[in-house]
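Can you join these two chains into the complex? Each is in its own frame, and there are hints to help.
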Amino acid sequence: GIQVEQSPPDLILQEGANSTLRCNFSDSVNNLQWFHQNPWGQLINLFYIPSGTKQNGRLSATTVATERYSLLYISSSQTTDSGVYFCAVESWGGSQGNLIFGKGTKLSVKP
Amino acid sequence: DAMVIQNPRYQVTQFGKPVTLSCSQTLNHNVMYWYQQKSSQAPKLLFHYYDKDFNNEADTPDNFQSRRPNTSFCFLDIRSPGLGDAAMYLCATSREGMGQETQYFGPGTRLLVL
Chain D
2 GIQVEQSPPD LILQEGANST LRCNFSDSVN NLQWFHQNPW GQLINLFYIP SGTKQNGRLS
62 ATTVATERYS LLYISSSQTT DSGVYFCAVE SWGGSQGNLI FGKGTKLSVK P
Chain X
1288 DAMVIQNPRY QVTQFGKPVT LSCSQTLNHN VMYWYQQKSS QAPKLLFHYY DKDFNNEADT
1348 PDNFQSRRPN TSFCFLDIRS PGLGDAAMYL CATSREGMGQ ETQYFGPGTR LLVL
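Chains as they are written, first to last, in this note's numbering: chain D, 2 to 112; chain X, 1288 to 1401.
So here's chain X without its partners, still in its complex pose (with noise of 0.2 Å):
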């Protein structure tokens, strides 16, 4: 089945030390999304690239970069984790980018900061 996967599923780091989460698809989607959802709160989208344009949001911090080398693979690096940015991760993909479609999430990688 053509779908989101996003690994590890689960991810344990230590403060300050840089992890990185992936986001792999097989609908042939030409836009991928990262969205940081912390406890009990929305998500809400850190950047997105729509085929090799990265577009990031105004106010995702500069400690979160994003990586996307081939159209299946979209990569999430966090540079200097923060107890703060405990959270859960998620990717999403559409097939334009143009709006009016569908968004399709993975299952989403929750991150642990020690």
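Isolated chain D (complex conformation) (with noise of 0.2 Å):
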């Protein structure tokens, strides 16, 4: 099946500064979502991005599916960014609905 791995694993960033978090897949995608976990567990949808660039206030991201890889840029961090970030995909080939996360990256942000 499809592989995932995101990049960093962890990451520790002062307030105020900009991160880009990196997110790699074996496959032609179909579908890709970054989501943010917050400490009480729950997944917010930050981007549903299969290609090109979006963005939402200090949160872009771009996907290149071609070369099968999405970044996601966090600019001006804030503590409330902290929490783990997951790219989640679904691949041409795979089970309808069955999105693939990858293990997250772990972000810090301290004040």
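Take the hints with a grain of salt, since some may be wrong.
Within a straight-line C-alpha distance of at most 30 Å, the following computed DSSO-like cross-link-like pairs (lysine-lysine) qualify [said to hold, decoys possible]:
(1) X:Lys-1304 - X:Lys-1331
(2) X:Lys-1331 - D:Lys-107
(3) X:Lys-1325 - D:Lys-107
(4) D:Lys-55 - D:Lys-111
(5) X:Lys-1325 - X:Lys-1339
(6) D:Lys-104 - X:Lys-1325
(7) D:Lys-55 - D:Lys-107
(8) D:Lys-104 - D:Lys-55
(9) X:Lys-1339 - X:Lys-1304
(10) X:Lys-1325 - X:Lys-1304
(11) X:Lys-1325 - D:Lys-111
(12) D:Lys-104 - X:Lys-1331
(13) X:Lys-1339 - D:Lys-55
Note that these hints are calculated values from the structure, not bench results.
Rendered as structure tokens:
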């Protein structure tokens, strides 16, 4: 099945810093989502982005489908950005609706 | 606001005692999913309903069952919970389930097995 790798696994930032999180995947995808899991466990949708670039406030994401990677940019980080960021994909040849998650990037933003 | 609701947020059960987790949605989506997330791991799909059609993932243990009595509600039944079933259980929905669409997640139910 499709493999999803996220890097870095852990990231510590000072408040106000910028960061880039990466997601590599091993096969063509028809769905790619970025999620933020807050300390209470809820998965919050950030982007649905199987290709192209999107921006939402301080966050933006780019997926280059032909090269099988996606990037999540966080600018001017805040302590509330702390948590785990997951990339999840659904491959063209996979089970419909089965999002395969990467292991996540754990982000800690220090005041 | 339209949303995915899970109750309870925390559930404690005893080893071997059946337990049911519930999920409801006001999005009127056709598809409802159940994911299991163990500590410090990624969520993993257990099964999903496309309308009334049940779709089980190949490696989901038989101990896990699901019911969807209507569009809005979906239940996860664990027949004989073991210590290894302690996890966060996440419910999600999507509109059509044909791929290429966003899945929306509820807040999760954290299950503790004593």
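Legend entry - Hinted pair Lys-1325 (chain X) and Lys-1304 (chain X), Cα distance within 30 Å: holds, 20 Å
Inset, instruction - Sort out whether Lys-1331 (chain X) lies within 30 Å of Lys-104 (chain D), counting only the CA atoms. - result: Judged against 30 Å, a Cα distance of about 11 Å means the pair holds.
Legend entry - Pair hint Lys-104 (chain D) and Lys-55 (chain D), alpha-carbon separation not exceeding 30 Å: holds, 23 Å
Inset, instruction - Take the C-alpha atoms of Lys-1325 (chain X) and Lys-111 (chain D), compute the straight-line distance between them, and say whether it is at most 30 Å. - result: This hinted pair holds, its Cα atoms lying about 26 Å apart.
Legend entry - Agreement of Lys-104 (chain D) and Lys-1325 (chain X) with the hint, judged by alpha carbon distance not exceeding 30 Å: holds, 12 Å
Inset, instruction - For the pair we were handed, Lys-1304 (chain X) and Lys-1331 (chain X), check the Cα-Cα distance against 30 Å. - result: Status holds; Cα separation ~23 Å.
Legend entry - Pairwise hint evaluation, Lys-1339 (chain X) against Lys-1325 (chain X), where the allowed Cα distance is 30 Å at most: holds, 28 Å
Inset, instruction - With a cut-off of 30 Å on the C-alpha distance, tell me whether Lys-1339 (chain X) and Lys-55 (chain D) pass. - result: The hint is violated at about 34 Å.
Inset, instruction - Measure nothing beyond the straight line between the CA atoms of Lys-1331 (chain X) and Lys-107 (chain D); if it is 30 Å or shorter, mark the hint as holding. - result: holds, 18 Å
Legend entry - Pair hint outcome, Lys-55 (chain D) versus Lys-107 (chain D) [Cα-Cα no greater than 30 Å]: With a Cα-Cα distance of about 22 Å, the restraint between Lys-55 (chain D) and Lys-107 (chain D) holds, given a limit of 30 Å.
Legend entry - Pair hint Lys-1339 (chain X) and Lys-1304 (chain X), alpha-carbon separation not exceeding 30 Å: Answer holds: Lys-1339 (chain X) to Lys-1304 (chain X) is near 27 Å, not above 30 Å.
Legend entry - 30 Å Cα cutoff - pair Lys-55 (chain D), Lys-111 (chain D): holds, 27 Å
Hint compliance for this structure: hint 13 alone is broken.
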